[in-house]
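> Residue numbers (our numbering), protein chains in the order written: chain W, 1 to 203; chain C, 1 to 203.
Keep in mind the hints are simulated off the structure, nothing from the lab.
Be careful, since some hints might not be right.
All copies of an identical chain are treated as equivalent in the list; a pair is satisfied when it fits inside any one copy or across any two copies.
As the list claims (entries may be wrong) - Below are the BS3-like pairs computed for lysine-lysine, each with C-alpha atoms no more than 30 Å apart in a straight line: (1) 25 / 202; (2) 202 / 149; (3) 158 / 202; (4) 25 / 158.
Spelled out from the first residue to the last, the chains are:
2 protein chains.
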Amino acid sequence: MFIGAQVSLYPMTSDFVQVIMSGLKALDPYRDDLRIETDDMSTLMVGAPGPLIDAIRDLFATTARNPAHSTMHVTLSRGCPGEPDDPSCRCDILAIAQNTPLAQRQLQAQEAVAEAPDMGVQIDVQFSLYVLGQDRHMDEIYGCIEFLKSSGTFLRSKNFCTRLRGDAGAVFETLRQAFLRFGPAEGHVTIDLTASANSPSKD
Amino acid sequence: MFIGAQVSLYPMTSDFVQVIMSGLKALDPYRDDLRIETDDMSTLMVGAPGPLIDAIRDLFATTARNPAHSTMHVTLSRGCPGEPDDPSCRCDILAIAQNTPLAQRQLQAQEAVAEAPDMGVQIDVQFSLYVLGQDRHMDEIYGCIEFLKSSGTFLRSKNFCTRLRGDAGAVFETLRQAFLRFGPAEGHVTIDLTASANSPSKD
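Only chain W is shown next, with the shape it has when bound in the complex (with noise of 0.2 Å):
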């Protein structure tokens, strides 16, 4: 199994390499537990999704406290057949999710939002989760939406994606959990995803 991101940070501010540059810092906590390398357009982060989604959700948070209008956006990916087996990039979650019903799966991820963190900073996110390689997709999809309905973040759905709404903690562990609990444990499902804080338009 292989488990990353492509994460790029987008600070509406004439001032965004020092609004990254403080960003990136939120970062270090994690530089043991996940290859992080950055090129001009993206910062790569391979692991495990807990120390995964903690860094990219700390990574926005912290940035999401600076007054500027700031956006992310990112790539993930787990079980892509064309990249290689990363033993650091173990997963419990995806062991227990196989073979558990829809229905307790929608459950146990209710009860890991609930437990998430408050970040004390409110963000916007639109994303779309594609289950790759299966001929049924759309059921898996739709139980994910259901979950999301569900989850305290849900805002509305959209054409091609779901708005979520909410404190940083709880909207990134609705991430995680769209992202593990649903589509084959040992499939190729991926998230395009795009959080927002401090937009002076809002709805």
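Please arrange chain C on chain W, whose structure you already have, making use of the hints.
Relative to chain W, chain C alone:
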């Protein structure tokens, strides 16, 4: 068939509202052909891939001519089983692609990129193509990657995505061909795309 995109523009300047507003004027010639709806996180565009990808290209090319570092995120989708059929999304390339062997589709895609207009602005892109609801999804992905390597806009492969670089005309034609000529004609195919211009960190 339902075809469309969620598009977000991110200028890294304190003057971002003005840059976004002037970029959006590039969409005016396409408003008769596309359904365009903007909320606080993204702009939905629905319609046939001809005007759809041209509109997204012109939006980003116009923005990239501004000296500010700007990025754009696009979630492209065709054939999502959860969306209604929309006659405005009718696409002849998809009908032709049906029953055409992979090698021939690769050649047709190369020819289309060679004929792309020169927009006079260099951009960087990274993107992931997802073919959903099919057991053998990686065959079409690998076929598409072969085309990308011969497109003239290929920069390099990255984990989870592919980097393109070149004139906005050739780059967005490469993306349109990847979106339309690979994966089943009636299937569910999506692209997770990030574009970047005027970055201070070049590689």
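> Taking 30 Å as the upper bound on the Cα-Cα distance, should residue 25 and residue 202 be classified as within, between, both, or neither?
both (29 Å within a copy, 22 Å between copies)
> With 30 Å as the alpha-carbon cut-off, assign the pair residue 202 and residue 149 to within, between, both or neither.
This pair counts as within: shortest intra-copy Cα distance 21 Å, inter-copy 42 Å.
> Can you give me the call for residue 25 and residue 158, within, between, both or neither, at a CA distance of at most 30 Å?
between (33 Å within a copy, 24 Å between copies)
> Indicate which option fits the pair residue 158, residue 202 if close means a Cα-Cα distance not exceeding 30 Å: within, between, both or neither.
within (16 Å within a copy, 35 Å between copies)
When the structure is compared with the earlier hints, no violation turns up for any of them.
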